[in-house]
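Residue numbers (the numbering used here), protein chains in the order written: chain X, 1 to 170; chain P, 1 to 505.
Because the hints were derived from the structure by calculation, they are not lab data.
Careful: at least some of the hints might be erroneous.
[As the list claims (entries may be wrong)] Restraint-style ranges between C-beta atoms, simulated for each label pair:
(1) P:224 with X:72: 34 to 42 Å
(2) X:68 with P:389: 41 to 49 Å
(3) X:125 with P:489: 54 to 62 Å
[Claimed, not checked] With a Cα cut of at most 30 Å, we get these calculated DSS-like pairs of lysine-lysine:
(4) X:70 with P:290
(5) P:224 with X:124
(6) P:495 with P:294
(7) P:495 with P:290
(8) P:294 with X:70
(9) P:294 with P:496
(10) P:225 with P:294
(11) P:224 with P:294
(12) P:496 with X:124
(13) P:290 with P:496
Values in this document were obtained by computation on a predicted structure and should not be read as measured data.
Glycine included, each C-beta is placed from N, C-alpha and C at the ideal position.
In case you want the letters, here they are:
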Amino acid sequence: MAQDPSEKPRQLGGEMVIPILAIVFTLYYFSTIWNSPWTAQVSAFLIGGILLGLCSLFVLRCVVWVNAGKGSFGFSNLVNMDDIRTGRIGLFIATVLFCVLIEPLGFTLTTFLFLLSSMAVLSKFRNLGLITGIAALISLIGWAVFILAFDTRFPRGWFEMTMEAMLQNG
Amino acid sequence: MGETALILSEVFLDVIGYWWVIIPTIFLGLIVGGIPGFSAANTIIILMPLTLAMDLQMGLVFMVTLYCAARMGAGIPAILVNIPGTAGAAATPLDGYPMAKQGKGQQALAISFVASSVGGLLTTIIALATMPILARVGFYMHSVEMIVVMLFGISLIASIAAQDMLKGLIAGFFGLMIGAIGTDVVYATPRGTFGFLELYDGVPLIPALVGLFAVSEAFIIIEKKVIIREDAEPKNPNWHDTFEGVRIAVSRWWHIGWTSLIGLVIGVIPGAGASIASFVAYQQSRTFSKTPEKYGTGHAEGLIAPESANNGVTSGTLVPLLVLGIPGGATAAIMLVVMQFHGVSFGPSLFESQPKIGYGMFMAMAVAYFLMILTILPLSRYMSHVTTIPTIYLAPLIISFTLVGGFVPREYMFDMYLALGFGVIGYIARRTGYHVAAILIGVILGPLLETYFLRALKKSDGDITTLFSSTIGNILWVALVISLVLPIFFDWRRKKRNGPEIVVQ
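Start from the sequences and build out the full structure, keeping to the hints where you can.
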């Protein structure tokens, strides 16, 4: 059956990422239980064996489809120019920094910086005044609820220490 | 009988007198239930000094209300932003979120509130009436039977995978494999942990939930200005949608009834939980539906099933706690501690020695559900506005608060990185057509299945035929096979019926 020329071929390269991750992880998992007692192996070999079979079948299906012209090994369904245009890459970098900085800087300050930077990136640096206000308000509410009221063990930094000292000294 | 009725009416009057505790607790429960990482259990722990300072009955009313409200609250972000507040609400977004995207968020919330309240109320009454029988269910559910119950939940993967079976199964088995990370239950051999001590206890659920659902969703929604679909009919907030949601839910009262019963029975089994109940209820609801193809597209019954089931679990978990002194879940275990602090001893004698406590917990639950529907339903009109908040503000908010929510249960920084890692997996899965719910089902149910499987094998000295050695287990196996085969049969019959019609046209 001829393919509709207007139809975009499936980007099978992107679709193969999860199966390849699954194969790599399963093989790594097997390597950790190779010399273990049977109780550690039985279900892993059962599930892992099925998973490897399914992934192999999927890779085979992709190869057949590419050969038949129904798809390509492209990745544009996963990574494309939209990721830069929408600010997704900027948001991802901000998220990684949020995780890295929350321990040294504390919950409130990091949340403020993260909200400010990510909202600014996503809005293409428009309405910066409004964004600063929202980021400050939300992070202060977060501090009041999670740290002041519930006393959770969120990471504490300069802001939390200062506020604690201020509240203790009236 | 007359004496029991008198006690019940006294208890009712006592409990309703605590309306001033119940109503604020409902709002607290909705908030903590809605934020991943904050559950009723850890909120009660945080507020333990307050709970212990209260008199026993007030403390019980507070804890029970918080428990019920948190369960209901977990469904709100699941519907509006595709982020289940707890693992028990993991099946809720399957149909709730598509409804929200279609501009029916308010309707979906109303359906969820009615299903949760009615399901919870109904199962509370049934639990109260059948407590001695229900308490015995746990005794009959051994490893073999539990394996089949788990498989009921896991078979939902196949239903979710209907569009592309191969990709669905890969997602599900990948989840099961991730769920197998950690030490094995018999010899504590570390497996697939990448050398991280934090993974020795297995993959923590909240970071997995946060990453797969919340973080990945935040990275997806930024492609659009708002969550609601552009072609969805723009509406001003109105009461009509709330009433329409109530009408839809009430007209499916039978559906609410039987799916909440699934929750009740699963809740009674110690160790089983709301996540299993909601997956099993969703899968069964789809199996016996006349329109299974509508599931996953914003179908009311697909939303009712998990919501009424996970609220059915709340009353179920109280049964073994009160009758046997065995808590059915984390929250029930904390309630046990508080009640023991007040000198309450559990067991069948509780209803004779301290009937006001025994019956009081169920009555508190019934009153909480009743007041909940009255207080929350009007709010659905305002809550649904979340779907119209610009994603440039919503996405960073989701990421920051859910990532720190991932940190809360164990307080390891590692868990935030883990949530981020799951976020990346979830994002790749969403962009390339793999269902994140299928991965999550595997992560949640995989370790439980393995535990019961190993226990069964260990007890039988490795004899695999032990899986078919019990009568109840065999009945459940037959029911499982039927529930897997029936949809195929129904589908075949529907196609056969529709076939000639097409020819006639």
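Tested hints:
1. The given range of 34 to 42 Å is broken by residue 224 of chain P and residue 72 of chain X, whose C-beta atoms sit roughly 27 Å from each other.
2. For residue 68 of chain X and residue 389 of chain P, the hinted distance range of 41 to 49 Å is satisfied, since their beta carbons lie about 45 Å from each other.
3. The hint said 54 to 62 Å for the Cβ distance between residue 125 of chain X and residue 489 of chain P, and at roughly 59 Å that hint holds.
4. Distance check on the hinted pair: residue 70 of chain X and residue 290 of chain P sit about 35 Å apart at the alpha-carbon level, beyond 30 Å; violated.
5. Of the supplied pair hints, the one linking residue 224 of chain P and residue 124 of chain X holds, its CA atoms being roughly 14 Å apart against a limit of 30 Å.
6. Proposed proximity of residue 495 of chain P and residue 294 of chain P is supported: the alpha carbons are some 15 Å apart, at most 30 Å.
7. A distance of roughly 13 Å separates the Cα atoms of residue 495 of chain P and residue 290 of chain P; the hinted pair therefore holds under the 30 Å criterion.
8. In summary, the hint linking residue 294 of chain P to residue 70 of chain X is supported, as the alpha carbons are separated by about 28 Å, within the 30 Å threshold.
9. Between residue 294 of chain P and residue 496 of chain P, the direct Cα distance comes to roughly 19 Å. Compliance with the 30 Å bound is thereby established for this hinted pair.
10. With a C-alpha separation of about 27 Å, the suggested pair residue 225 of chain P and residue 294 of chain P falls inside the 30 Å cut-off, and the hint holds.
11. Under the criterion of a C-alpha separation no larger than 30 Å, the hint pairing residue 224 of chain P with residue 294 of chain P is consistent with the structure, at around 25 Å.
12. Restraint check for residue 496 of chain P and residue 124 of chain X: the C-alpha separation of about 55 Å exceeds 30 Å, so the hint is violated.
13. Taking the CA atoms of residue 290 of chain P and residue 496 of chain P, the gap is near 15 Å; set against the 30 Å cutoff, the hint holds.
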